[in-house]
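**Q** Sequence:
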Amino acid sequence: MRNNFNHFETWVFLVLQLSKVTGLTEATFLRLIKPLPVLPKKGYKPALTLPLQSLHNELFGDKEQLKRRTSQDELVRLGRNVAKQLSCIDHIQNVSVEKQHLSFQVSVPEITQTILQDVHKQGDQYGFQPKPWQQWKRKKIVVEFSSPNIAKPFHAGHLRSTLIGHFVANLCSQLGHDVVRLNYLGDWGTQFGLLAVGFQKYGSVKELSQNPIQHLFNVYVKINSASKKDPKIMEAARKFFTAMEQGDADSLAVWKRFREFSIKEYISTYQKLGIGFDAYQGESQYGEMAQDVLSVLREQSLIQKSEEGTSVMDLSDYLKSMSTATLAKSDGSSLYLTRDVAAAIDRHQQYRFHRMIYVVDKSQENHLKQLTAILKKMQFSWAEGIEHVPFGRVLGMQTRTGDVVLLEDILEEVKNRMLERMKAKETTKDVANPEDVAQCLGISALILQDLKASLISDYKFDWERILESQGDTGVFLQYTHARLKSIEANYEYEMRDSISTEVLSEPEAEQLIWHIAQFDDAVQNSFDEMEPKHIVAYILRLSRLASRAAQTLRVRGSERNLAESRLHLLVSARKVLSNGMRVLGMRPLDEM
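Read in order, the letters of the sequence shown correspond to residues -23 to -1, 1 to 569 in mature numbering (1 follows the signal peptide of the UniProt record, and there is no 0).
Everything labelled a hint here was simulated from the structure, so no lab data went into it. Note that the coordinates shown come from a computational prediction; the quantities given were computed from them, not determined experimentally. Careful: at least some of the hints might be erroneous.
Unchecked claim - List time: in silico DSS-like cross-link candidates among lysine-lysine, alpha-carbon distance up to 30 angstroms:
#1 Lys429 to Lys400
#2 Lys98 to Lys510
#3 Lys(-4) to Lys11
#4 Lys11 to Lys98
#5 Lys98 to Lys114
#6 Lys114 to Lys429
#7 Lys199 to Lys216
#8 Lys116 to Lys11
#9 Lys216 to Lys178
#10 Lys437 to Lys346
#11 Lys339 to Lys353
#12 Lys117 to Lys339
#13 Lys241 to Lys183
#14 Lys114 to Lys346
#15 Lys241 to Lys117
#16 Lys339 to Lys354
#17 Lys437 to Lys114
#18 Lys114 to Lys353
#19 Lys233 to Lys249
#20 Lys199 to Lys209
#21 Lys18 to Lys(-4)
#22 Lys510 to Lys117
Model the full assembly from the supplied sequences, consistent with the hints where possible.
**A** Right, dumping it as structure tokens:
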């Protein structure tokens, strides 16, 4: 398979020589050698780098040696000794010791043709193909994300799960895996009894059909407030839910109506985000299965009765903290954890997954640890494939009136704010559908704000900052993409496999080319860590480099051969930017 890191042959020859000189395995150097990121400083030269401390550890890494830090002089001597034993390697201009790295300066003009050819040929697959030395196997991956509670608001926390889960699913799919996108609804529990009682008192069939999520939320808030003053309301709610659990047709009909109306509106909202799901599941599906799980656990003597009469499981073999899990109430009814165990078993039977990824906030960490431990104790080997992608909270996401809002309100507000900015700017072009452009820009802004830092961190939401067209924002990415597309549209040119790359000798061109070559590293880092920040940082830098190149490397007015080579480079940059934006969940705009 062709490697899209483009200086593959150079890399391999370098690895072979280093292995021969040092006696270390080729795999060691494939792991250690990295491209030097493009740095915005004078005198930057594209290079491959080998960290000398890591090389020293591989060569002399006994435990006693690793206890002390190797001196700078020792590392320099090691680097110079290795460098002088290397023979000439194609496309490597110079080998030098730079601080604590062995640096192999790359001749970018000599590899430019291959890099740009790969972008042109691979198109939307560029950056997502494995290196030839990487062992790759297509896997079945189930990603559970979004998962709102029907009786509660679809708020900023669900937005995070939705955006992050969409990215995780996109990334796995782009890398060639078979991905199932799963939305696991909170559609069961006593809150439905409370909601049903509330609907009898405050509900409107007309409003339910027009705006189900908002109306059910309003009803829930009212009845929840009233229940604190009147204990009879909670008693009625429990009675209603008990009827649901016992299969009462009238009670289930009310529940089913709430669920169906809500899912219909969820789908409409997800469509605005460009998100779809392969399956909608819910807690309600796993009541009976949860009882089956409890029966199996009793037969295997894996659960005991606590003093309170609840059914508990000892997980101390797997967990140091939270080592006792409660799986059933004293009356024998199942809990959320039990239903999650049943759901995991059912999903593996249905999908035969290799990985089951839960995209839920960090407060669920102990819950998922217990879930995994229970499945392992039940001797399910596939439980090793259960993963948690945790994330922090969003702070400060309110409307101008200060209210915490539903997702639909967030999307409406970000669109309206973006429209105001578009109208206020004289440089804004007349577009065919300004509302659609504003919606797309607003969603891009939300996505970048959400994905650019470590997912585990809480972050402060800033309405004004995210909509800026300059700086590290989604709007800046869209502006760059539209600008590059405009340059492409204004010059009649058919993309060819071969161009005159020797004319792309300016620093702006070389740095952009070298950065384009590193996209697959950002993709791999994001996949290894399940962290979008690597791709975000990559495309933000790509946008800055492409913007500077577009300003410096003029296409219009240049001699034809030079103009076509420059345009080929800018088109390649736009295609890679588009690939990065799409995997994050953005829809790249051609004009704005």
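**Q** Against each hint, give a clear statement of whether it holds in the structure.
**A** How the hints compare with the structure:
1. Annotation: proposed proximity of Lys429 to Lys400 holds, straight-line Cα distance about 28 angstroms (limit 30 angstroms).
2. Taking the CA atoms of Lys98 and Lys510, the gap is about 27 angstroms. The hint holds against a cut of 30 angstroms.
3. Annotation: proposed proximity of Lys(-4) to Lys11 holds, straight-line Cα distance about 19 angstroms (limit 30 angstroms).
4. Of the pairs offered as hints, the one joining Lys11 and Lys98 holds, with about 25 angstroms between alpha carbons and a cut-off of 30 angstroms not exceeded.
5. Note on Lys98 and Lys114: the hinted pairing holds, with a Cα-Cα distance of about 23 angstroms set against a maximum of 30 angstroms.
6. Only pairs whose Cα atoms come within 30 angstroms are accepted, and Lys114 paired with Lys429 is accepted, the gap being roughly 29 angstroms.
7. Proximity of Lys199 to Lys216 is assessed by CA-CA distance (about 19 angstroms); at most 30 angstroms being required, the pair is judged to hold.
8. Between the alpha carbons of Lys116 and Lys11 the distance comes to roughly 27 angstroms, so the proposed pair stays at or under 30 angstroms and holds.
9. Between Lys216 and Lys178 the CA atoms are separated by roughly 16 angstroms; this keeps the pair inside 30 angstroms, and the hint holds.
10. Proposed proximity of Lys437 and Lys346 is supported: the alpha carbons are some 28 angstroms apart, at most 30 angstroms.
11. Under the criterion of a C-alpha separation no larger than 30 angstroms, the hint pairing Lys339 with Lys353 is consistent with the structure, at around 22 angstroms.
12. Straight-line distance between C-alpha atoms of Lys117 and Lys339 comes to about 25 angstroms, which keeps the hinted pair within the 30 angstroms bound.
13. Under the criterion of a C-alpha separation no larger than 30 angstroms, the hint pairing Lys241 with Lys183 is consistent with the structure, at around 15 angstroms.
14. This hinted pair checks out: Lys114 and Lys346 have alpha carbons roughly 27 angstroms apart, not beyond 30 angstroms.
15. In summary, the hint linking Lys241 to Lys117 is supported, as the alpha carbons are separated by about 28 angstroms, within the 30 angstroms threshold.
16. Pair hint Lys339 plus Lys354 holds up; C-alpha atoms about 24 angstroms apart against a cutoff of 30 angstroms.
17. With a C-alpha separation of about 39 angstroms, the suggested pairing of Lys437 with Lys114 is violated against the 30 angstroms cut-off.
18. Our distance criterion of 30 angstroms between C-alpha atoms is met by Lys114 and Lys353, whose separation comes to about 24 angstroms.
19. Proposed proximity of Lys233 and Lys249 is supported: the alpha carbons are some 25 angstroms apart, at most 30 angstroms.
20. Distance check on the hinted pair: Lys199 and Lys209 sit about 15 angstroms apart at the alpha-carbon level, within 30 angstroms; holds.
21. Under the criterion of a C-alpha separation no larger than 30 angstroms, the hint pairing Lys18 with Lys(-4) is inconsistent with the structure, at around 35 angstroms.
22. For the given pair, Lys510 sits about 24 angstroms from Lys117 by alpha-carbon distance, which is consistent with the 30 angstroms threshold.
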